[in-house]
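Assemble chain B onto chain A, guided by the hints.
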Amino acid sequence: MAGMDHAPPPFFKRGPAPLALLTFYIAVSLAIFVVDLRFKSLELLRQSIALIVDPVQRVAQTPGSLVDYAGQYLQGMRSLQLENEELKHAKLTTAPDLQRLAQLEVENTRLRKLLDVKEREKANGQVAQIMYTARDPFSRKVIVDKGQQADIAAGLPAIDEAGVVGQVTRVFPFSAEITLITDKDQVVPVQVVRTGQRSVVFGLGNGQLELRYMPANADIQVGDLLVTSGLDDIYLPGFPVAKVVNIERDSAYSFARIFCVPIAGVENFGEVMILAQRQARPERPPESASRAAANDGQRVKKKRMAKN
Amino acid sequence: MQPTFSSSRILLPVRPWFIFLSLIGAAVLNFLPTAHWPGMPDWVALVLCFWSVREFRRVGMGWAFVLGLLMDVADGAVLGQHCFAYVLLAYTASSLSRRILWFPLAQQALQIMPLLIGTQIVQALMRLAVGADFPGWGYFIGPFVATLLWIPATFVLLLPQYRPVEQDPNRPI
Numbered sequence: 002m003a004g005m006d007h008a009p010p011p012f013f014k015r016g017p018a019p020l021a022l023l024t025f026y027i028a029v030s031l032a033i034f035v036v037d038l039r040f041k042s043l044e045l046l047r048q049s050i051a052l053i054v055d056p057v058q059r060v061a062q063t064p065g066s067l068v069d070y071a072g073q074y075l076q077g078m079r080s081l082q083l084e085n086e087e088l089k090h091a092k093l094t095t096a097p098d099l100q101r102l103a104q105l106e107v108e109n110t111r112l113r114k115l116l117d118v119k120e121r122e123k124a125n126g127q128v129a130q131i132m133y134t135a136r137d138p139f140s141r142k143v144i145v146d147k148g149q150q151a152d153i154a155a156g157l158p159a160i161d162e163a164g165v166v167g168q169v170t171r172v173f174p175f176s177a178e179i180t181l182i183t184d185k186d187q188v189v190p191v192q193v194v195r196t197g198q199r200s201v202v203f204g205l206g207n208g209q210l211e212l213r214y215m216p217a218n219a220d221i222q223v224g225d226l227l228v229t230s231g232l233d234d235i236y237l238p239g240f241p242v243a244k245v246v247n248i249e250r251d252s253a254y255s256f257a258r259i260f261c262v263p264i265a266g267v268e269n270f271g272e273v274m275i276l277a278q279r280q281a282r283p284e285r286p287p288e289s290a291s292r293a294a295a296n297d298g299q300r301v302k303k304k305r306m307a308k309n
Numbered sequence: 006m007q008p009t010f011s012s013s014r015i016l017l018p019v020r021p022w023f024i025f026l027s028l029i030g031a032a033v034l035n036f037l038p039t040a041h042w043p044g045m046p047d048w049v050a051l052v053l054c055f056w057s058v059r060e061f062r063r064v065g066m067g068w069a070f071v072l073g074l075l076m077d078v079a080d081g082a083v084l085g086q087h088c089f090a091y092v093l094l095a096y097t098a099s100s101l102s103r104r105i106l107w108f109p110l111a112q113q114a115l116q117i118m119p120l121l122i123g124t125q126i127v128q129a130l131m132r133l134a135v136g137a138d139f140p141g142w143g144y145f146i147g148p149f150v151a152t153l154l155w156i157p158a159t160f161v162l163l164l165p166q167y168r169p170v171e172q173d174p175n176r177p178i
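Here the protein sequences come in this chain order: A and B.
Per this note's numbering, numbering of the first sequence is gapless, rising by one per residue and ending at 309.
Per this note's numbering, numbering of the second sequence is gapless, rising by one per residue and ending at 178.
No lab work stands behind these hints, which were simulated from the structure alone.
Hints are supplied without guarantee of correctness; some may be wrong.
What the hints assert, rightly or not - Here are the simulated distance ranges between beta carbons:
| id | chain 1 | residue 1 | chain 2 | residue 2 | range |
| --- | --- | --- | --- | --- | --- |
| 1 | B | F108 | A | A154 | 26 to 34 Å |
| 2 | A | M78 | B | G123 | 35 to 43 Å |
| 3 | A | A28 | B | L153 | 47 to 55 Å |
| 4 | B | G123 | A | K92 | 54 to 62 Å |
| 5 | A | S66 | B | F108 | 42 to 50 Å |
| 6 | A | L205 | B | A111 | 37 to 45 Å |
| 7 | B | L115 | A | F256 | 47 to 55 Å |
| 8 | B | F145 | A | V57 | 23 to 31 Å |
| 9 | B | L115 | A | N269 | 21 to 29 Å |
| 10 | A | V35 | B | L115 | 33 to 41 Å |
| 11 | A | L99 | B | I126 | 37 to 45 Å |
| 12 | B | L26 | A | A103 | 57 to 65 Å |
| 13 | B | G123 | A | L67 | 36 to 44 Å |
Stated by the list, open to error - Covered stretches of chain A, as calculated for chain B (at least 3 residues, CB under 8 Å):
| id | stretch |
| --- | --- |
| 14 | 16-29 |
| 15 | 62-76 |
| 16 | 140-147 |
| 17 | 261-275 |
In this text the structure is predicted, and so the values were computed from the model without any measurement.
Yeah, the Cβ is synthetic: ideal placement off N, Cα and C, and Gly gets one too.
If we strip away everything but chain A, and leave its shape as in the complex, we get (with noise of 0.2 Å):
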């Protein structure tokens, strides 16, 4: 009754039974749920539909824009004399760590090239703004404008004016996606500044972070600053990430729950700097004594083989 129409219902083509239909589209979209998560392999695709769908996006993005533009350009000249006021103070401030800082940089390659240690590398990017957060309620990730034509690449470290924002972990040709260093599946290398302890932290999806796998009677305190360890391929060392605030030590479980704040404004709208890849890192060590027997016992037996 529903589908009456005016023309007739096609009772010769009827195509597929609904039941038939049903279990196809279902099969295909868990097909593609799993393809997608475990191996990350639907890129192309998604990349190829975020074409389309991506200058429909910023289009929408635009009224919200306008109004925040609207709303700048009607703050008024006072509130911007005080903000430049503010700035000029802040660089005031800043001014003599930054002054010495080329004398010191140039003093640490001196020094480091007399003890003969590897040059610190030095953090170079892009700046990018972010347009929106993705709708996905789920995660943290926001949208950046700047993709493949500007070199952006997965993996690259996002940062801001105080600390790690994230990490670029889909690249679409015009626009990527960073995953915020509070998102549940985000994991940062960090070290604890007082006591030059390493651990990693994890975000916890509510705007916190955990560092996780510190045992019970670690020496960590509230207020405590972590900065990345630049142990990974990633994050260069030492940009700030996040700072304990709360700690509570139970002595039913081995480790100790340690719940820290990001640093950087990883919730706020504004520009993020991509860092740039880092440099290669020299060649990891066989990891273990019986790791590298075998692959002596592997490269005798491609001897053998080639003497045969």
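Relative to the frame of chain A, chain B by itself:
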């Protein structure tokens, strides 16, 4: 198309381009910055449900699947999450359409509510099963708002199908 028992209005046939435009419009509504406000309905699910109930020969699981892919990419969600939920929604809505249309609008909305809530719950279950974080109860308010919007949505989406005002008095129907 069929007049419900409370309204004996006879509608014009639906125009395919209007269905297409309304679905795209719903997607654009989803892309707006307002999508982050708590209790915002999933417009695509609402409009898709509407057309699956009204015109299940034209809008079915194929459309649901394509729209699901679009929403997955636009949201940055896992591919297949919206596809699965929308395909289920389109199937249930079209199989229940003969019954649903027989009720007055308010009762139709009540029957639509479990479908829309189901769409949201299916997505949440899929993501929670693979280790995502619980998004908070605000995520489940959207379908209730969408249920309330069923009545205005019906009015707006059927607007092009109402009979023109200038009528031929000699026409039999």
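Structure-based check of all given hints:
no., hint, in the structure
1, B/F108 to A/A154: 26 to 34 Å, "violated, 55 Å"
2, A/M78 to B/G123: 35 to 43 Å, "violated, 55 Å"
3, A/A28 to B/L153: 47 to 55 Å, "violated, 35 Å"
4, B/G123 to A/K92: 54 to 62 Å, "holds, 56 Å"
5, A/S66 to B/F108: 42 to 50 Å, "holds, 43 Å"
6, A/L205 to B/A111: 37 to 45 Å, "holds, 42 Å"
7, B/L115 to A/F256: 47 to 55 Å, "holds, 50 Å"
8, B/F145 to A/V57: 23 to 31 Å, "holds, 27 Å"
9, B/L115 to A/N269: 21 to 29 Å, "violated, 42 Å"
10, A/V35 to B/L115: 33 to 41 Å, "holds, 35 Å"
11, A/L99 to B/I126: 37 to 45 Å, "violated, 54 Å"
12, B/L26 to A/A103: 57 to 65 Å, "holds, 60 Å"
13, B/G123 to A/L67: 36 to 44 Å, "holds, 37 Å"
14, 16-29, "holds (count 6)"
15, 62-76, "holds (count 3)"
16, 140-147, "holds (count 3)"
17, 261-275, "violated (count 0)"
Checked against the numbered hints above, the structure breaks hints 1, 2, 3, 9, 11 and 17 and satisfies the rest.
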